[in-house]
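Each chain, letter by letter, is given below.
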Amino acid sequence: MKKAFLFLAIALAAFAQQTFDFKTLDKLGAKAKESTNITLEGDTLKLAVNFLEADNASLKPVVDNLKGVYVRSYEFDKEGQYADADLEPLRAYINTLQWTKIVDVKEDKETSEIYVKPLPNNRLGGLAIIDAEPKEVNVIYITGDLSTSDLAKLGGNFGIPDMKFLHDDKKAGKKSTPAR
Amino acid sequence: MALGFAGLNFEKILADNQSLVFSLALRFLRDREGAEELAQEVFLQLYEKLRKIESPAHATWWLRRAISHRCIDEARKRRLRPRIGLEAVPEPLAQTRDADPLLSRRLRKLVEKLPDNARMVVLLRYQEDLDPMEIAEMLNMPISTVKSLLHRSLAVLRGKLEKQEIYRKQVCR
Amino acid sequence: MSFEDDLRKALRHEPAPPDFAAKVLARTSRTPTYRRAAVLALAAALALAAIIPAAVHRYRRHQRALEAKDQLITALSITKVQLQQMKEKIRRNTRSKL
Chain Z
229 MKKAFLFLAI ALAAFAQQTF DFKTLDKLGA KAKESTNITL EGDTLKLAVN FLEADNASLK
289 PVVDNLKGVY VRSYEFDKEG QYADADLEPL RAYINTLQWT KIVDVKEDKE TSEIYVKPLP
349 NNRLGGLAII DAEPKEVNVI YITGDLSTSD LAKLGGNFGI PDMKFLHDDK KAGKKSTPAR
Chain V
26 MALGFAGLNF EKILADNQSL VFSLALRFLR DREGAEELAQ EVFLQLYEKL RKIESPAHAT
86 WWLRRAISHR CIDEARKRRL RPRIGLEAVP EPLAQTRDAD PLLSRRLRKL VEKLPDNARM
146 VVLLRYQEDL DPMEIAEMLN MPISTVKSLL HRSLAVLRGK LEKQEIYRKQ VCR
Chain C
101 MSFEDDLRKA LRHEPAPPDF AAKVLARTSR TPTYRRAAVL ALAAALALAA IIPAAVHRYR
161 RHQRALEAKD QLITALSITK VQLQQMKEKI RRNTRSKL
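Chains as they are written, first to last, in this note's numbering: chain Z, 229 to 408; chain V, 26 to 198; chain C, 101 to 198.
Since the hints were made in silico from the structure, they are not lab data.
Careful: at least some of the hints might be erroneous.
Pairs of lysine-lysine residues, derived as DSS-like cross-links and limited to a Cα-Cα distance of at most 30 Å, are as follows [what the hints assert, rightly or not]: (1) K109(C) / K345(Z); (2) K261(Z) / K109(C); (3) K345(Z) / K363(Z); (4) K188(V) / K109(C).
Part of the chain C face toward chain Z, derived, beta carbon under 8 Å [said to hold, decoys possible]: (5) H113; (6) P117; (7) P118; (8) R164; (9) I173; (10) A175; (11) I178; (12) T179; (13) Q182; (14) K189; (15) I190.
C-beta atoms are modelled at their ideal positions from N, C-alpha and C, and glycine is treated no differently.
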């Protein structure tokens, strides 16, 4: 009986990993003045990775094992143009995956969250960032096999200043969760 | 006086749009003589097609589109410089040593160093005030590519400008 | 003034050379006709290329790949910026509690 229950739990967890529909987040941007919607998975992601690696071999460790990349980024003219409740399905989905919330900052009317799926040897099986501000909301969801040091290596690329905090904090064994 | 189908006056169109066309060419090609020559050719092309132009606004749209495409083709032909990805824009230290403190001039120089497609998209957005959809239609580019180029270019320009500011502050201490 | 406003200001139109209009008008009286033939030849060559399915398919796949690559770079750029902003927020939040 216990074995059957365990098998069902594993099966449900595996099924859950495939069921979030990112199109449900599109309603966040219904009144956005500017939006960026990116959904890269399967063959399209493989094509992108191959082309990117051809241009820049140093990105290979970062992108080689990506399985899915989803971005929803919306900018609004004024406050109150989206409902935080529309982010709840994603939060609930991430909870079912039992990812670890390593950042949870609430500042004025802004909420910032980072979730990771930790793997052994300083690796991550997934990264989710939810940043909700009064006139802007950014959702990033990446799955695959990536290392925290490879993420930090993105520094210097795309013209964006170097950043090591994710790698450094994990190395020091600290969680980046501030005291509330 | 050359008149188009809608009674458009070519000389007026020329007077109203010469700065627009010349500026786009100059900032894209970074070569004054070449920009003037290309700008002239584009007006000559317009002159040949004047009967198909419906209004002054249509003429402006047509000229923008023509000069954008001609600039990109010209750059390809000339192979002005090796293809530089956005992640490899050279350090601006030499520029700040030339001691040009004016923000606008620094920004223009930074824009000049962007790769061809990114440079044209930035010029159409911030010089010509076109929105991303209009730019996508003008350059026959997917809108996601336009937005991606704008996003990345702004990040590069901001980053490079910030580095210049830090360097200048250090030098001026 | 925002960065984008600074950029707009920097990219205001540069005036065309004083004799630009005069040069263009001088050339309108002798517009070359060879260009039309070249354009027609180019159009014919492009039309011919367009009816070759394999070439079209390869081109479209290439375009899709380029677009996907651009999207991936954008996604990674946005991720970097967001992580940097998170770091700043955490720092501010931590300082305010000390």
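- Message: Hints numbered earlier in the text: which of these fail when held up against the supplied structure?
- Response: As far as the earlier hints go, 1, 5, 6, 7 are violated by this structure, in ascending order.
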